[in-house]
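The residues making up each chain are set out below.
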Amino acid sequence: MADHRLPENEIALDWLTSMTLIRRFEERAGEQYARGKVGGFLHLAIGEEATIVGAVAALRPTDYMIATYRSHGQALARGSEPGRVMAELFGRVDGLCRGRGGSMHMFDRERRFMGGFGIVGGNLPLAAGFGLTSDYLGSDDATLCQFGDGATNQGTFGESLNLAALWRLPVVFMVTNNQFGMGTSLERHSAQTDLQRKGEGFGVPGMECDGMDVIDTWAVTKEALRIAREERQPVLVEAINYRFRGHSIADPEDYRTEEEVLAWSKRDPLVTFGDRLVAEGVLSDEQRQAIDLEATETVDAAVAFAEASPEPQPSSLYDDVYVLSDQVRGWYSADHRGAELRKGEELS
Amino acid sequence: MAEMRYREALNEALAEELERDPNVYLMGQDIGVFGGAFKVTAGLMERFGEGRIRDTPISENTIVGIGVGSAMTGLRPVVELMTINFSLLALDQIINHAAHMRYMFGGQVSVPIVVRMPQGAGHQLGPTHSHSFEALYLHVPGLLVAVPSTAADAKGLLKTAIRDDNPVIFIEHESLYSQRGEVPDDPDFTIPFGLAAIRREGTDVTIIGISRMAQTAERAAEQLAAEHGIEAEVIDPRTLRPLDLDAILESVAKTNRCVIVEEGWPHGGVGANLAALIGEQGFDDLDAPVGRVTGVDAPMPYARTLEQIAFPHEQQVIEATLALFGDRRRASRG
Ligand SMILES: Cc1ncc(C[n+]2csc(CCOP(=O)(O)OP(=O)(O)O)c2C)c(N)n1
Ligand SMILES: [Mg+2]
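Chains as they are written, first to last, in my numbering: chain A, 1 to 348; chain B, 1 to 334.
Please keep in mind that the hints were generated in silico from the structure rather than gathered at the bench.
You may find that some hints are simply not true.
[Stated by the list, open to error] Cβ pair distances, simulated, as ranges:
1. Pro289/B / Leu137/A: 51 to 59 Å
2. Val296/B / Met182/A: 37 to 45 Å
3. Glu187/A / Ile58/B: 52 to 60 Å
Every residue gets a Cβ at the ideal spot worked out from N, C-alpha and C, and that includes glycine.
Using the sequences and the hints, build the whole thing.
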């Protein structure tokens, strides 16, 4: 890892603000889960904020970003309203996806955040598809695809890297190596543990960044995006980090020791970056507290917004199964057995 | 009208849509230089170039996934999978991604992709290359499913599929590629989804044939009329999602009997589903239980003698139909 100078003050503060928001948001989401406000799975990104914020900061607004089921942070970093992200966790109509996706499936079309996806490895082909669109339309938008260390064992990993290299698609594949796929550690799930090398055989060169360091993540991702965009050469970036919480909510964490967690927590990306900003005179302690307070207030407001948002109407159950048009006016839903034959939603 | 083969009708549909919309592109194994495993895409790479007619590696799930990603961002991919059997490798992208994306993301995105592939037995290709999976795709909300059985339908439905904003599973049939049929010349000829074709009018029984079995049903109907005095109405639904259930129920209301013919397996098949729908919504019209003729409940064998008895022919359709009349003497009178 190179020693990086700090970026301009405004940018540095922006990153700290964004990382702080993600941290406080995730903590609050965990609490809301415990209160029964959030259902299903909840994969928190606590510890992974630098990887998210650094990578997203390297993108242009028109670039495509796609991630996994652990992607509240990506949505926030791309600028999605925290209230709408929280409302999605609550399964409310004002959620980013109107309560259809939940924690694992965030999506914000306007911000080109092209989704969180619940299938491990499922998003790599989609990312290559975005790259194909950019290529086909002659635009210089690039795609950043984040996925976990565990996903590098899926067939889609090799297939997508091969195709992206073969067709020279502007895609940066970023493996977030947080040391585990659920409870299986890297060395127990991958023969090649130097993950940045896993693309070499497919014609995809590797780079590595310190995923606990927002500046390094930003710098490496930026260069990878430049290579993808300008040289039409997909790149595999390995961001090395650590998740501080369990895989999802119910996780006894028997697969790792407290010492290990403690050792990594000394490198907490939020703390180390904040400390550095203070040490280098960019930030006062008061300002630091103010940023934290503001994040907490934003998250308070997000919870209030989610709480106030209505539950989806039962009548919306069939909305958006299809794009309706003259030819698909509705559909016969075999599960409605009234005397009347139901044809789904009719076009208005 | 021009007479052409089913494969040529498909080729014309593709060429016309490629011509009409620059965002339509084709992708699949051996579709370019080689012209397609069944020559459906012959000549298209020469005409439209490698950028729009893309040969891919053998990576079904990822090919479909790239199509889905590009469809989410403004293109209109038509993906060819060499046969429907290989689409099993792409089920994750087809079902978990293409079919559910719009719903899952609250309507923010649409996935206008067409996945084309042939199915069907009869070529002694054994259990990994001969199956019929329309029932599998029919099962999935979010997909549209087309099963054209004539050259004209192949062309008209494919053009509609490409223009539609939903993911479409477009199931061709290996045994139909060389068949000839009349196809309208009009480049704007399309066939809407959800509109069944009445292949033959009749008053005594409704026979519904799926995919190639629409033709088997039609031939069986001719024999039933000639040899048994039974006038069958033959319906080809042409698309299974959306389904023209009205046409089926209207026909059953007239004939009071129904037989469904499909090439795939019986359990959870198209016929099982249709029989349930007809039972639920047309029970009062039925004079006999709905009959089903399906492929046998076994993998497709290689040996010709076994393969030929493993999927329906006219004889099984005739027997199943006669059984509905509960009149053996009539059957034996011939
Ligand atoms: C195809 C598939 N198999 C299994 C799962 C269950 N699962 C969810 S997350 C996960 C671990 C993935 O680990 P990794 O890719 O390293 O990502 P991380 O959770 O560490 O961010 C597993 C096995 C799944 N969602 N999809
Ligand atoms: Mg992991």
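Here is what the structure says about each hint:
Separated by about 55 Å at the C-beta atoms, Pro289/B and Leu137/A satisfy the suggested range of 51 to 59 Å. For the pair Val296/B and Met182/A, the supplied restraint of 37 to 45 Å holds, since their beta-carbon distance comes to about 42 Å. The given range of 52 to 60 Å is broken by Glu187/A and Ile58/B, whose C-beta atoms sit roughly 31 Å from each other.
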